[in-house]
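J.: If you read the sequence shown in this note's numbering, its first letter stands for residue 222, the second for the next number, and so on.
Hints are not guaranteed to be accurate.
Cβ pair distances, simulated, as ranges [as the list claims (entries may be wrong)]:
{"no.": "1", "residue 1": "Ala229", "residue 2": "Gly390", "range": "18 to 24 Å"}
{"no.": "2", "residue 1": "Gln367", "residue 2": "Glu224", "range": "37 to 43 Å"}
{"no.": "3", "residue 1": "Ser249", "residue 2": "Asp386", "range": "31 to 37 Å"}
{"no.": "4", "residue 1": "Ala244", "residue 2": "Trp341", "range": "19 to 25 Å"}
{"no.": "5", "residue 1": "Glu347", "residue 2": "Gly226", "range": "36 to 42 Å"}
{"no.": "6", "residue 1": "Ala229", "residue 2": "Gly357", "range": "19 to 25 Å"}
{"no.": "7", "residue 1": "Glu347", "residue 2": "Gln315", "range": "15 to 21 Å"}
{"no.": "8", "residue 1": "Asp233", "residue 2": "Phe379", "range": "33 to 39 Å"}
{"no.": "9", "residue 1": "Glu234", "residue 2": "Leu363", "range": "33 to 39 Å"}
{"no.": "10", "residue 1": "Arg263", "residue 2": "Asp388", "range": "37 to 43 Å"}
Hint data in this document are derived by calculation from the structure and do not stem from the laboratory.
Every value quoted in this text rests on a predicted model; they were computed, and no experiment measured them.
The C-beta atom is built at its ideal place from N, Cα and C for all residues, glycine as well.
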Amino acid sequence: MPELGYHAARPDELDMIHAELMAVIDESPHYSERFKEHEKSRLTKGFLRALQRVDPFHVIILTQDGVPGGGLVSGPETGSIFRYWSWIFPSHRQSRLGIYGMRVFDEHWDNGKFHKAFTWVRPENEVALALLRRYGYEQAALLRQQIFGQDYVVMEKFYTKLTEDYDSGMNMGRIARFKARVDMLLGR
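Between the sequences and the hints, there should be enough to build the whole structure, so can you do that?
T.: Shown next, in the form of structure tokens:
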């Protein structure tokens with residue numbers, strides 16, 4: 222049986238994970254071209270680096286026998302954690318990495334810091350919805366014409382928050398924007 226693993230993306234892996242993220246956004250049949258354009262402009266390498274400055278595990282690489290085969294990108298949202306994107310690379314879509322990634326995400330982030338994990342899914346994405354339900358996520362809402370006229374389902378799973386402190390969400394303040402700009406200029 223293949224050995225499944227995960228780790229926070231290393232700096233030398235950021236180009237690869239970003240390229241795979243852009244590819245999965247492009248190939249997804251569930252999103253409009255306008256949404257894809259928006260996501261690709263938002264999820265820059267600088268944004269991924271900013272997430273990792275908050276916590277390196279906001280950009281996770283899933284592996285099979287040591288070979289990268291999937292990714293998980295998340296961000297803090299004032300006491301909750303937002304699963305921005307979870308995907309398996311085309312080379313590993315027949316593996317068990319999708320199921321493994323669901324379990325890994327919850328095991329890692331149900332760490333006392335968050336009330337819940339949540340994500341937005343297109344109602345037509347039956348595979349993603351089934352996988353989320355299998356791992357304990359429930360539909361909280363159906364948002365009609367929410368993003369560029371498309372409907373979205375909000376799926377959430379409650380965690381056990383133990384700490385009293387709260388994050389301020391993922392915002393790109395002046396310093397973070399400056400660091401992202403420097404990274405871009407340096408080609409990082």
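J.: Take the hints in turn and mark each one as holding or not.
T.: Results of checking the hints against the structure:
Separated by about 20 Å at the C-beta atoms, Ala229 and Gly390 satisfy the suggested range of 18 to 24 Å. Between Gln367 and Glu224 the beta carbon distance is about 40 Å. The supplied range of 37 to 43 Å therefore holds. Between Ser249 and Asp386 the beta carbon distance is about 36 Å. The supplied range of 31 to 37 Å therefore holds. For the pair Ala244 and Trp341, the supplied restraint of 19 to 25 Å holds, since their beta-carbon distance comes to about 20 Å.
A beta carbon spacing of about 28 Å between Glu347 and Gly226 contradicts the range 36 to 42 Å that was offered as a hint. Checked against the hint of 19 to 25 Å, the C-beta distance between Ala229 and Gly357 comes to roughly 24 Å, which is consistent with it. Checked against the given bound of 15 to 21 Å, the beta carbons of Glu347 and Gln315, roughly 19 Å apart, stay inside it. For the hinted restraint 33 to 39 Å between Asp233 and Phe379, the CB-CB distance of approximately 36 Å keeps it satisfied.
Range check, Glu234 to Leu363: Cβ separation about 36 Å, and the 33 to 39 Å hint holds. Range check, Arg263 to Asp388: about 19 Å between beta-carbon atoms, so the 37 to 43 Å window is missed.
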